[in-house]
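Residue strings, one per chain:
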Amino acid sequence: DVKVTQSSRYLVKRTGEKVFLECVQDMDHENMFWYRQDPGLGLRLIYFSYDVKMKEKGDIPEGYSVSREKKERFSLILESASTNQTSMYLCASSTSQGLGETQYFGPGTRLLVL
Amino acid sequence: TQLLEQSPQFLSIQEGENLTVYCNSSSVFSSLQWYRQEPGEGPVLLVTVVTGGEVKKLKRLTFQFGDARKDSSLHITAAQPGDTGLYLCAGANTNAGKSTFGDGTTLTVKP
Chain H
1 DVKVTQSSRY LVKRTGEKVF LECVQDMDHE NMFWYRQDPG LGLRLIYFSY DVKMKEKGDI
61 PEGYSVSREK KERFSLILES ASTNQTSMYL CASSTSQGLG ETQYFGPGTR LLVL
Chain Z
1 TQLLEQSPQF LSIQEGENLT VYCNSSSVFS SLQWYRQEPG EGPVLLVTVV TGGEVKKLKR
61 LTFQFGDARK DSSLHITAAQ PGDTGLYLCA GANTNAGKST FGDGTTLTVK P
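Those protein sequence lines, which keep their order, are chains H and Z. So in this note's numbering, spot 25 of the first sequence is number 25, and the numbers just go up one at a time. So in this note's numbering, spot 94 of the second sequence is number 94, and the numbers just go up one at a time.
No lab work stands behind these hints: they were computed from the structure. Fair warning: there could be bad hints in the mix.
Listed below are several chain Z residues computed to face chain H (Cβ distance under 8 Å; list not exhaustive) [what the hints assert, rightly or not]:
{"no.": "1", "residue": "Phe10"}
{"no.": "2", "residue": "Gly16"}
{"no.": "3", "residue": "Ser27"}
{"no.": "4", "residue": "Ser31"}
{"no.": "5", "residue": "Glu38"}
{"no.": "6", "residue": "Leu45"}
{"no.": "7", "residue": "Thr48"}
{"no.": "8", "residue": "Ala68"}
{"no.": "9", "residue": "Pro81"}
{"no.": "10", "residue": "Asp83"}
{"no.": "11", "residue": "Gly85"}
{"no.": "12", "residue": "Ala92"}
{"no.": "13", "residue": "Lys98"}
{"no.": "14", "residue": "Ser99"}
Derived contacts from chain H toward chain Z, CB cut-off under 10 Å, selection only [stated by the list, open to error]:
{"no.": "15", "residue": "Gly16"}
{"no.": "16", "residue": "Leu90"}
{"no.": "17", "residue": "Arg110"}
Model, not experiment: these values are computed from the prediction. For every residue, glycine included, the Cβ atom is placed at its ideal position computed from N, Cα and C.
Given only the sequences and the hints, what does the whole structure look like? Please build it.
This is the structure we're talking about:
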């Protein structure tokens, strides 16, 4: 059974704190993604990675950075959390083989920044 | 930038009714996926359609890919409360790596 896990289901942080969200997949997928999901705005891509140590900006990268040191792990970093980063964060992975269009999602991390 | 528009945004119906959700774009996609997301969880893939005009059935759910591969629909027959959730369509292109997601349709089926 394919699995994408995220380090926390719920997080509460204070403004200005550095926040790490971790995502691990066990499917040996090449591609990994970080999205945020807000009511009325759908899924917005923050960053994605095609391979270890590679990263590409998505549609809303400002205020975020990422790290992919190992194939199975993709971390999202909020350098200095702000209240407008309160959101649901979803990690996903996909293969580069075949069409590779299916993304497998983790359960999400609901982040509240006070 | 490729965009996918879903309609309606919200849908509330009684158990047993039929419904159709639409996903439209001005862009052509190699494939289109439909996901369902329950509250507090990540989206889960329902189906992938690849060929223009393709129709796929998953129990009471029927998915259709438009002939020009720019749009898709999801039809649910005799909806049940267990169908409640957020339905997302996503378009992908070969070798592009990333997908374009629609904003979703929130479906509520009342007993």
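(message) Does the closest beta carbon of chain Z sit nearer than 10 Å to the beta carbon of H/Arg110?
(response) 8 Å, holds
(request) Answer holds if the nearest beta-carbon of chain H is closer than 8 Å to that of Z/Ser27; otherwise answer violated. (result) 15 Å, violated
(request) Identify whether the interface hint at Z/Phe10 stands, where standing means a beta carbon of chain H within less than 8 Å of its own. (result) Status violated, d = 10 Å.
(request) Against chain H, run the beta carbon of Z/Ala92 and see if the smallest gap drops under 8 Å. (result) OK, holds: Z/Ala92 within 8 Å of chain H, min 4 Å.
(request) Against chain H, run the beta carbon of Z/Ser99 and see if the smallest gap drops under 8 Å. (result) Check passed: Cβ of Z/Ser99 comes within 6 Å of chain H, closer than 8 Å.
(message) Let's test the interface hint: is any C-beta of chain H closer than 8 Å to that of Z/Gly16?
(response) 28 Å, violated
(message) A closest beta-carbon separation below 8 Å is what the hint needs, so does Z/Ser31 meet it against chain H?
(response) Holds - the Cβ of Z/Ser31 comes within 8 Å of chain H, reaching about 5 Å at its closest.
(message) Checking hints one by one. Is Z/Ala68 an interface residue toward chain H, by the C-beta closer than 8 Å rule?
(response) 18 Å, violated
(message) The hint names H/Leu90 as touching chain Z; please verify it with the least Cβ-Cβ distance against 10 Å.
(response) 5 Å, holds
(request) Verify the interface restraint on Z/Thr48: the C-beta must sit less than 8 Å from at least one C-beta of chain H. (result) Cβ of Z/Thr48 sits 6 Å from chain H, so the hint holds.
(request) Verify the interface restraint on H/Gly16: the C-beta must sit less than 10 Å from at least one C-beta of chain Z. (result) The hint is violated - H/Gly16 has no Cβ within 10 Å of chain Z, the shortest such distance being about 28 Å.
(request) Classify the hint on Z/Lys98 as holds or violated, based on whether any CB of chain H lies nearer than 8 Å to its CB. (result) At about 6 Å, which falls below the 8 Å cut-off, the nearest Cβ of chain H leaves the hint on Z/Lys98 intact, so it holds.
Checked against the numbered hints above, the structure violates hints 1, 2, 3, 5, 8, 9, 10, 11 and 15; every other hint is satisfied.
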